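Engineer: Please take these sequences and the hints and turn them into a complete structure.
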Amino acid sequence: MRKFVMFTLCLLVISMFAMPAFAQGGEAPHAATNWVAITSGFAMALAVALAALGQSRVASAACEGLARNPAARPGIQLALILGLAFIESLVLFTLVIIFVKVVA
Amino acid sequence: MEQLAFTQFLNHYFGGVVLQVLTRLGIHPKHPAAPIPNAAAMEVLVVLLLTAFFIAVRSRLSVDNPGALQHVMEGIEGFASGLGKEIIGHHYERYIPYLVTLGLFILTCNLIGLIPGQESPTGVPVVPLGCALVTWFYYHVQGLRENGLAYLKHFIGPVWWLAPLMFPIEVFSHLARILSLTIRLFANMFAGEMVYLVFFSLIPLGIPIIFQGLHVGVAFIQTYIFVLLAAVYLGEATAHEH
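Protein chains in written order, with this note's numbering: chain A, 25 to 128; chain B, 284 to 525.
Keep in mind that the hints were calculated from the coordinates and are not lab data. Where hints are given, some of them may not hold.
To be verified - Straight-line alpha carbon distances no greater than 25 Å define the calculated SDA-like cross-link-like pairs of lysine to any residue that follow:
| no. | chain 1 | residue 1 | chain 2 | residue 2 |
| --- | --- | --- | --- | --- |
| 1 | A | 125 | A | 69 |
| 2 | A | 125 | A | 76 |
| 3 | A | 125 | B | 431 |
| 4 | A | 125 | B | 484 |
| 5 | B | 313 | A | 123 |
| 6 | A | 125 | A | 114 |
| 7 | B | 368 | A | 94 |
| 8 | B | 313 | A | 124 |
| 9 | A | 125 | B | 476 |
| 10 | B | 313 | A | 120 |
| 11 | A | 125 | B | 482 |
| 12 | A | 125 | B | 436 |
| 13 | A | 125 | B | 481 |
| 14 | A | 125 | B | 302 |
| 15 | A | 125 | B | 503 |
| 16 | A | 125 | B | 474 |
| 17 | A | 125 | A | 104 |
| 18 | A | 125 | B | 368 |
| 19 | A | 125 | B | 465 |
| 20 | B | 368 | A | 100 |
| 21 | A | 125 | B | 384 |
| 22 | A | 125 | B | 479 |
| 23 | B | 368 | A | 119 |
| 24 | B | 313 | A | 101 |
| 25 | B | 368 | A | 108 |
| 26 | B | 368 | B | 503 |
| 27 | B | 436 | B | 407 |
| 28 | A | 125 | B | 289 |
| 29 | B | 313 | A | 126 |
| 30 | B | 368 | A | 97 |
| 31 | B | 313 | B | 344 |
| 32 | B | 368 | A | 123 |
| 33 | B | 368 | A | 104 |
| 34 | A | 125 | B | 412 |
| 35 | B | 368 | A | 98 |
| 36 | A | 125 | A | 55 |
| 37 | B | 368 | B | 342 |
| 38 | A | 125 | B | 480 |
Remember, predicted model here, so these are calculated numbers, not experimental data.
Structural biologist: Here you go:
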């Protein structure tokens with residue numbers, strides 16, 4: 025099973041490298057790749073994935089804290105909302121940078 | 284430029300005066316025929332609505348027979364007081380009017396975009412920037428008023444020989460607060476509308492309503508976070524060192 029997964033991943037990586045070559049061979053050379061679209065997609069995906077991981081850690085820690093001591097709800101809720109807001113704003117910075125780059 | 288109904292109304296009656304004032308100040312609007320942009324017109328509308336709401340509440344204030352509006356306002360005040368007591372501390376009453384006004388303004392600005400034919404002013408970066416700047420100056424002024432010149436001690440850190448290092452960092456972090464407050468609010472409202480538009484272009488029936496519901500939630504949460512951060516900054520600036 026593991027070998028099969030590794031094989032598939034390798035195939036995927038190879039095909040990723042192979043595709044530009046085929047594309048360049050088949051199409052006209054003056055059709056430039058729209059790198060802004062590609063990089064902004066990857067930047068957003070990276071930012072969202074890592075921020076989601078971080079937010080999930082925050083949420084799970086808050087749940088554990090609440091389960092152990094339900095009386096501490098106000099303080100935990102405050103820290104939870106603040107932490108989530110700060111993590112989320114990093115993703116939004118990425119979004120704004122992408123918009124500035126794409127529109128300008 | 285596409286004009287909303289209220290923008291057209293304002294430009295028709297006040298456009299000339301605004302254009303003259305702006306030209307005197309050396310500002311040349313992009314569209315001289317319509318110098319008031321949509322966001323400014325929506326802000327004026329929100330201010331008018333809130334003023335009407337406050338006047339309606341104030342005129343019916345009574346201890347024996349509180350009406351529905353008074354209950355709503357008392358609920359909002361109680362919520363803000365709880366927030367202030369928890370974050371700012373025992374001298375929180377002085378800052379409640381500012382926090383409540385700020386919160387109601389941002390909340391109405393966020394929610395007015397859900398009405399067809401209207402537009403969220405907070406979806407334009409200028410409006411959150413205004414709120415952030417006012418908050419920034421307010422907490423600095425309150426800090427200076429509360430602590431006097433000792434307020435400047437906040438900027439040099441606890442150890443005196445680290446002051447040359449701490450001072451630029453502190454100044455920079457205080458300036459970054461404007462940026463983060465602005466972009467958090469603006470980008471959330473903007474992204475909410477974008478998601479709605481994208482799904483509307485995919486499936487123009489039914490499904491986009493879910494994202495409108497999400498947008499309502501985001502509007503409330505972002506208002507809460509803005510007010511919360513304003514309270515945190517106020518509490519930090521006005522704290523007495525014992």
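Engineer: A separate judgement is required for each hint: does it hold in the structure or not?
Structural biologist: Hints, one by one, checked against the model:
Restraint check for residue 125(A) and residue 69(A): the C-alpha separation of about 16 Å stays at or below 25 Å, so the hint holds. Between residue 125(A) and residue 76(A), the direct Cα distance comes to roughly 24 Å. Compliance with the 25 Å bound is thereby established for this hinted pair. Under the criterion of a C-alpha separation no larger than 25 Å, the hint pairing residue 125(A) with residue 431(B) is inconsistent with the structure, at around 44 Å. In summary, the hint linking residue 125(A) to residue 484(B) is supported, as the alpha carbons are separated by about 23 Å, within the 25 Å threshold.
The straight-line distance between the Cα atoms of residue 313(B) and residue 123(A) is roughly 22 Å, inside the 25 Å bound, and the hint therefore holds. Of the supplied pair hints, the one linking residue 125(A) and residue 114(A) holds, its CA atoms being roughly 17 Å apart against a limit of 25 Å. Between the alpha carbons of residue 368(B) and residue 94(A) the distance comes to roughly 20 Å, so the proposed pair stays at or under 25 Å and holds. The straight-line distance between the Cα atoms of residue 313(B) and residue 124(A) is roughly 20 Å, inside the 25 Å bound, and the hint therefore holds.
Note on residue 125(A) and residue 476(B): the hinted pairing holds, with a Cα-Cα distance of about 19 Å set against a maximum of 25 Å. The straight-line distance between the Cα atoms of residue 313(B) and residue 120(A) is roughly 23 Å, inside the 25 Å bound, and the hint therefore holds. Note on residue 125(A) and residue 482(B): the hinted pairing holds, with a Cα-Cα distance of about 23 Å set against a maximum of 25 Å. The straight-line distance between the Cα atoms of residue 125(A) and residue 436(B) is roughly 40 Å, outside the 25 Å bound, and the hint therefore fails.
About 19 Å separates the Cα atoms of residue 125(A) and residue 481(B), which keeps this hinted pair within 25 Å; it holds. At roughly 32 Å between alpha-carbon atoms, residue 125(A) and residue 302(B) are farther apart than 25 Å, so this suggested pair is violated. At most 25 Å may separate the alpha-carbon atoms for a hinted pair to count; residue 125(A) and residue 503(B) exceed this at roughly 29 Å. Pair hint residue 125(A) plus residue 474(B) holds up; C-alpha atoms about 16 Å apart against a cutoff of 25 Å.
A distance of roughly 32 Å separates the Cα atoms of residue 125(A) and residue 104(A); the hinted pair therefore is violated under the 25 Å criterion. With a C-alpha separation of about 43 Å, the suggested pairing of residue 125(A) with residue 368(B) is violated against the 25 Å cut-off. For the given pair, residue 125(A) sits about 19 Å from residue 465(B) by alpha-carbon distance, which is consistent with the 25 Å threshold. For the hint linking residue 368(B) to residue 100(A), the alpha-carbon distance of about 16 Å falls within 25 Å, and the restraint holds.
For the hint linking residue 125(A) to residue 384(B), the alpha-carbon distance of about 35 Å lies beyond 25 Å, and the restraint is violated. As the CA atoms of residue 125(A) and residue 479(B) are separated by approximately 22 Å, the hinted pair is consistent with the 25 Å bound. This hinted pair does not check out: residue 368(B) and residue 119(A) have alpha carbons roughly 35 Å apart, beyond 25 Å. Distance hint between residue 313(B) and residue 101(A) is unfulfilled; the C-alpha atoms sit about 45 Å from each other, more than 25 Å.
Of the supplied pair hints, the one linking residue 368(B) and residue 108(A) holds, its CA atoms being roughly 22 Å apart against a limit of 25 Å. At roughly 21 Å between alpha-carbon atoms, residue 368(B) and residue 503(B) fall within 25 Å of each other, so this suggested pair holds. Simply put, residue 436(B) and residue 407(B) have alpha-carbon atoms about 36 Å apart, too far for the 25 Å limit, and the pair is violated. Under the criterion of a C-alpha separation no larger than 25 Å, the hint pairing residue 125(A) with residue 289(B) is inconsistent with the structure, at around 32 Å.
Distance restraint check for residue 313(B) and residue 126(A): the Cα-Cα separation of roughly 22 Å lies within the 25 Å cut-off, and the hinted pair is therefore satisfied. Annotation: proposed proximity of residue 368(B) to residue 97(A) holds, straight-line Cα distance about 15 Å (limit 25 Å). For the given pair, residue 313(B) sits about 45 Å from residue 344(B) by alpha-carbon distance, which is inconsistent with the 25 Å threshold. In summary, the hint linking residue 368(B) to residue 123(A) is not supported, as the alpha carbons are separated by about 39 Å, beyond the 25 Å threshold.
Of the pairs offered as hints, the one joining residue 368(B) and residue 104(A) holds, with about 18 Å between alpha carbons and a cut-off of 25 Å not exceeded. Pair hint residue 125(A) plus residue 412(B) holds up; C-alpha atoms about 20 Å apart against a cutoff of 25 Å. With a C-alpha separation of about 12 Å, the suggested pairing of residue 368(B) with residue 98(A) holds against the 25 Å cut-off. The straight-line distance between the Cα atoms of residue 125(A) and residue 55(A) is roughly 21 Å, inside the 25 Å bound, and the hint therefore holds.
With a C-alpha separation of about 28 Å, the suggested pair residue 368(B) and residue 342(B) falls outside the 25 Å cut-off, and the hint is violated. Taking the CA atoms of residue 125(A) and residue 480(B), the gap is about 20 Å. The hint holds against a cut of 25 Å.
Comparing the model with each earlier hint shows violations of hints 3, 12, 14, 15, 17, 18, 21, 23, 24, 27, 28, 31, 32 and 37; every other hint is respected.
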